[in-house]
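Colleague: Based on the provided sequences and hints, a complete structural model is requested.
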Amino acid sequence: MFRNIISSLFPEKVKHYYRLRKYPEYRQNYEEEQELLRLKHQKQEITSNLLGFPFKAQNGLVFVKSYEEIYQKNNYYFETDKAAPVIIDCGSNVGMSILYFKKLYPNAKIIGFEPDAYIYSLLKENITLFSDIEVYQKAVWTEDTTLSFVLEGNFSSKVSLVDDKSNSRIVKVEAVDLNKFLEQKVDFFKIDVEGAEYYLIEHIAPKLVNVDKIFIEYHSFSEKPQNLSVILNILEKQGFRYDIKQPFPTKRPFIDQVTRMREKIFDTHFEIYGFKL
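If you read the sequence shown in my numbering, its first letter stands for residue 43, the second for the next number, and so on.
Please keep in mind that the hints were generated in silico from the structure rather than gathered at the bench.
The beta-carbon is built from N, C-alpha and C at its ideal position, and this holds for glycine as well.
Check before you lean on any hint, since a few could be wrong.
What the hints assert, rightly or not - Pairwise CB distance ranges, derived in the manner of DEER restraints: (1) H83 - I297: 20 to 30 Å; (2) K124 - L93: 21 to 31 Å; (3) N269 - R294: 18 to 28 Å.
Modeller: What follows is the structure, given as structure tokens:
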């Protein structure tokens, strides 16, 4: 009670500065919050030291959303007995996921893919301080080929199965058969390829015997059939248990989903966590 009385005598601002000086964890959390606020609305390329060294992203929103998902929510956290696990990261973007894996397992051997030329250039800069990382400026696909690729600049760049020459955001990118990289044992396999996951999972299904844990971002497009059940059935047949999260839950599914379909955007977005016991 006495402590409460004393506390009430000091303004919140004074208590805040006291905590900043007294408690390192409080100061660290405050500095993190302020940096994310600084970056949030920056629409140009940014550099932040929040990860402990200069890290670049195409804009502030990409950095903040990635940081929240990867470092604050720990979406990719996993445990293994191996000191040097093998990790494949399909859809590496600017490399925040790769650096998270390196923080988790410094000796990890990581293979990453990012087809967007500009984003790939930032990715290469961001990983220069680390070893045992191979990154490819290629899309992952069902064969070695050239694909049409829609440049969105944030998270939503994706393979286009329609070659629309009138769309200035569509470019040609090299693609590699993902099966080539699944001949080895893989401890963690991340697939975040903005709608191409269905084609990939069907193609690599027999190779999933070599995968211990898998993370899949599932997206369905309003103009195409939903195929979540196909993906889950493949995981089950390959010996996976799974958990599913909806990163952005709809408050009124019967209303919001129809709106999304009319706007022709992703109408469903799930995170699938597959693991073997």
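Colleague: Does each hint fit the structure? Answer for all of them.
Modeller: Status of the hints after comparison with the structure:
{"no.": "1", "hint": "H83 - I297: 20 to 30 Å", "in the structure": "29 Å, holds"}
{"no.": "2", "hint": "K124 - L93: 21 to 31 Å", "in the structure": "24 Å, holds"}
{"no.": "3", "hint": "N269 - R294: 18 to 28 Å", "in the structure": "24 Å, holds"}
Hint compliance for this structure: every hint is met.
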